[in-house]
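Peer 1: One-letter residues, chain by chain:
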Amino acid sequence: MELNSELAQYIVDYTAKIVDYTINIMNPEAIIIASTDPGRIGEIHRGAKKVLLTGNPYIISEKEAQKYPNVVPGISLPIHFQNSIIGVVGIGAGEQAVTIGRIIQSNTELLIEQFHLRESMNAEEQVRNEFLTHLLSEPWYENEFYFNHQIELHHFEKEQSYLVVSAEVPAELFIGKALNRYDSEIVHYERSISRLLEVLEHRLNYINITIVYLPNMLTFLVPYGTKQQENSETFVRTFISNLDFVLTQTLENDYYIGVGGIARNMTKIHIQYKHAISAIKISKISNPENRICSFADVYFEYQLLSIPKEKQQHYYNKLLGELIREDGENGIWLSTLEAFFRNNQSIGKTAEELFIHRNTLLFRLNRIKQITGLHPQNFKDAITLYVALTFWKLRNFENDSSENTSENM
Amino acid sequence: MSRNILITGYEPFGEDSFNPSLALAESLSECQYKDFTFQYAKIPVNRQKCIPTIEKAIRCYHPEIVICTGLAYGRAGISVERVAINVADFPFPDNAGYVALNETIQPDGAPAYFATLPIRRITQAIRDAGIPAYVSNSAGTYCCNLLMYGTLHYIAANHLNIRAGMIHVPYTPEMAVTKDFQMPSMALNNMIEAVKIAAITTAEHEDDVSMVCGFAQ
Chain A
2 MELNSELAQY IVDYTAKIVD YTINIMNPEA IIIASTDPGR IGEIHRGAKK
52 VLLTGNPYII SEKEAQKYPN VVPGISLPIH FQNSIIGVVG IGAGEQAVTI
102 GRIIQSNTEL LIEQFHLRES MNAEEQVRNE FLTHLLSEPW YENEFYFNHQ
152 IELHHFEKEQ SYLVVSAEVP AELFIGKALN RYDSEIVHYE RSISRLLEVL
202 EHRLNYINIT IVYLPNMLTF LVPYGTKQQE NSETFVRTFI SNLDFVLTQT
252 LENDYYIGVG GIARNMTKIH IQYKHAISAI KISKISNPEN RICSFADVYF
302 EYQLLSIPKE KQQHYYNKLL GELIREDGEN GIWLSTLEAF FRNNQSIGKT
352 AEELFIHRNT LLFRLNRIKQ ITGLHPQNFK DAITLYVALT FWKLRNFEND
402 SSENTSENM
Chain B
72 MSRNILITGY EPFGEDSFNP SLALAESLSE CQYKDFTFQY AKIPVNRQKC
122 IPTIEKAIRC YHPEIVICTG LAYGRAGISV ERVAINVADF PFPDNAGYVA
172 LNETIQPDGA PAYFATLPIR RITQAIRDAG IPAYVSNSAG TYCCNLLMYG
222 TLHYIAANHL NIRAGMIHVP YTPEMAVTKD FQMPSMALNN MIEAVKIAAI
272 TTAEHEDDVS MVCGFAQ
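Residue numbers (the working numbering), protein chains in the order written: chain A, 2 to 410; chain B, 72 to 288.
Hints were generated in silico from the structure; no laboratory data involved. You may find that some hints are simply not true.
Claimed, not checked - Listed next, the in silico DSS-like pairs over lysine-lysine satisfying Cα-Cα at most 27 Å (straight line):
no.	chain 1	residue 1	chain 2	residue 2
1	B	Lys120	A	Lys285
2	B	Lys120	A	Lys350
3	B	Lys127	B	Lys113
4	A	Lys381	A	Lys310
5	B	Lys127	A	Lys285
6	A	Lys381	A	Lys319
Claimed, not checked - Simulated coverage check for chain B against chain A, where a stretch passes if three residues somewhere in it have a Cβ under 8 Å from a Cβ of chain A:
no.	segment
7	108-120
8	129-136
What you are looking at is a predicted structure, and each value in this text was computed from that prediction instead of being measured. Glycine included, C-beta positions come from ideal geometry on N, C-alpha and C.
Using the sequences and the hints, build the whole thing.
Peer 2: Structure representation (structure tokens):
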């Protein structure tokens with residue numbers, strides 16, 4: 002590890018708050034890189050030179066100090082890090098030099114150790130996060146060597162099955178003032194994320210669960226064993242119910258959950274992640290009231306959305322164009338259709354949801370038939386209308402939404 | 072999964088921005104005792120949502136011990152509740168503005184359920200730590216009784232091996248100063264310690280003891 006001037010100056014300032022002596026820190030070339038006297042930075046330190054030669058502390062007596070300008074009686078001691086000397090600390094402490102010097106030396110070494118530990122932990126965490134991000138977003142075969150290496154490095158099992166579930170959370174979740182005045186905004190942001198992940202991990206209480214945070218999206222990788230007593234359906238249902246409870250308790254309702262499905266091994270995680278994201282997107286388009294959506298339930302819409310945009314537009318314009326024109330800004334035809342399909346074409350339930358009489362609803366459905374030539378109560382016509390309606394809602398959603406997530410579909 | 076102790080606290084009531092029961096449950100969260108881990112749940116002060124929330128929490132955490140906590144202003148110490156009754160009769164509206172009047176909580180439930188925590192041991196252990204505590208014979212008829220009843224009924228109806236009960240805490244000094252300075256109060260740290268002692272005492276002892284633990288209110 003290299004002792005840079007920034008860290009050295011931090012140590013000097015920190016120590017100077019506790020003891021009132023001149024303190025200098027020198028690099029392995031005996032050049033002063035940090036000091037209580039900023040004017041001395043860049044000078045060669047005589048004591049440090051001796052220490053670096055012998056590896057032992059060097060005491061400058063009062064008599065010797067008088068011989069040179071800018072030299073005060075004191076002690077210079079080596080700074081050890083992992084069995085080598087990475088610098089020298091010099092203390093102008095007069096008669097108490099030996100005792101004080103030892104304390105400051107060990108204090109300096111402790112601070113460096115602590116700094117190193119924090120730095121390596123951060124680095125490890127960063128590498129892990131980067132790997133997890135790739136794991137979610139990239140097909141395995143594109144970078145097989147990298148994935149295999151990372152799996153080993155982070156002690157994952159390639160053949161492990163995972164339930165993949167994502168939750169979209171509000172973008173402003175981590176924006177706020179840092180509680181600790183020493184934290185910068187970015188440090189506060191990072192800390193808030195890792196604190197949230199810790200809390201969720203603790204509260205969910207699933208062994209070896211991995212939670213990945215990408216902006217606005219939490220993704221849960223829950224190990225699923227084939228030897229598990231419960232079948233996969235029960236396992237998924239229980240997890241979703243627990244996740245819903247824990248998120249309600251932690252985030253106060255502001256989230257959407259998308260259930261991707263079970264990835265049979267780690268190479269399939271990115272597929273289920275894509276499905277989870279799609280489930281959230283489709284649910285927001287087709288049924289925004291619904292906070293939980295499983296990919297399996299929106300597979301039909303997912304397939305529809307793979308049709309090129311121009312074709313989608315052409316389709317809904319041809320079938321719904323007249324209806325949309327007659328509807329105006331806040332029209333009733335499309336919302337009636339939406340509610341009718343949402344309620345499985347039940348006249349009673351739809352009328353109840355829309356707070357209208359069933360005869361009013363029947364009138365509206367007939368009017369829709371007159372305009373489009375398609376009767377919503379007829380099975381085949383209903384499919385045609387539903388497909389057109391889905392395309393139209395997708396267009397509106399994409400116009401409203403500033404974020405372009407279409408590549409995730 | 073680890074062995075869990077679930078501590079619940081209530082969300083702030085009315086215009087309050089603070090409820091000591093939630094604060095204590097939150098601060099105990101993630102604490103460890105031997106192989107037990109503390110989890111917490113925030114319960115809404117709401118006739119309709121209160122019981123479904125505790126049921127979800129029990130299904131989520133599979134706790135072995137559930138200690139519900141709530142604020143009872145006017146009480147001078149920690150009160151360990153003995154019994155919950157099958158009545159919701161609110162003296163004032165809940166957070167949704169609803170006032171339950173002489174309602175039966177569970178039409179098919181028992182008239183009352185006794186706490187299954189070792190309440191006398193708990194009371195004594197809290198006192199031994201220098202914190203005033205007593206056994207209370209009424210959890211009232213507001214949301215705390217509702218929660219205690221709902222918890223014990225859910226456990227009984229589903230034959231779960233969970234011991235559960237309710238502890239009431241007084242105002243904190245900060246609340247007394249701003250709301251009614253003649254009210255008795257207790258520092259939050261003492262409440263946290265008392266509830267932790269209650270959880271540990273329950274974890275350590277299967278049965279309660281017969282002993283005189285003072286005047287039960």
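Peer 1: Checking one constraint from the list: CA of B:Lys120 to CA of A:Lys285, max 27 Å. Satisfied?
Peer 2: 26 Å, holds
Peer 1: Tell me if the straight-line CA distance from B:Lys127 to B:Lys113 falls inside 27 Å.
Peer 2: Between B:Lys127 and B:Lys113 the Cα gap is close to 11 Å, so the pair holds against 27 Å.
Peer 1: Mind checking, does the segment 108-120 of chain B have 3 or more residues with a CB under 8 Å from chain A?
Peer 2: With 4 residues close enough to chain A, the hint holds.
Peer 1: Quick check: the segment 129-136 of chain B, covered by chain A? Criterion 3+ residues, Cβ under 8 Å.
Peer 2: holds (count 3)
Peer 1: When you check the alpha-carbon spacing of B:Lys120 and A:Lys350, does it fall within 27 Å?
Peer 2: 25 Å, holds
Peer 1: Going straight from one Cα to the other, do A:Lys381 and A:Lys319 come out at no more than 27 Å?
Peer 2: Holds, at about 17 Å.
Peer 1: Given the proposed pairing of B:Lys127 with A:Lys285, does the C-alpha separation stay at or below 27 Å?
Peer 2: This hinted pair holds, its Cα atoms lying about 25 Å apart.
Peer 1: Going straight from one Cα to the other, do A:Lys381 and A:Lys310 come out at no more than 27 Å?
Peer 2: Measuring from Cα to Cα gives roughly 23 Å; hence the hint holds.
Checked against the numbered hints above, the structure breaks none of them.
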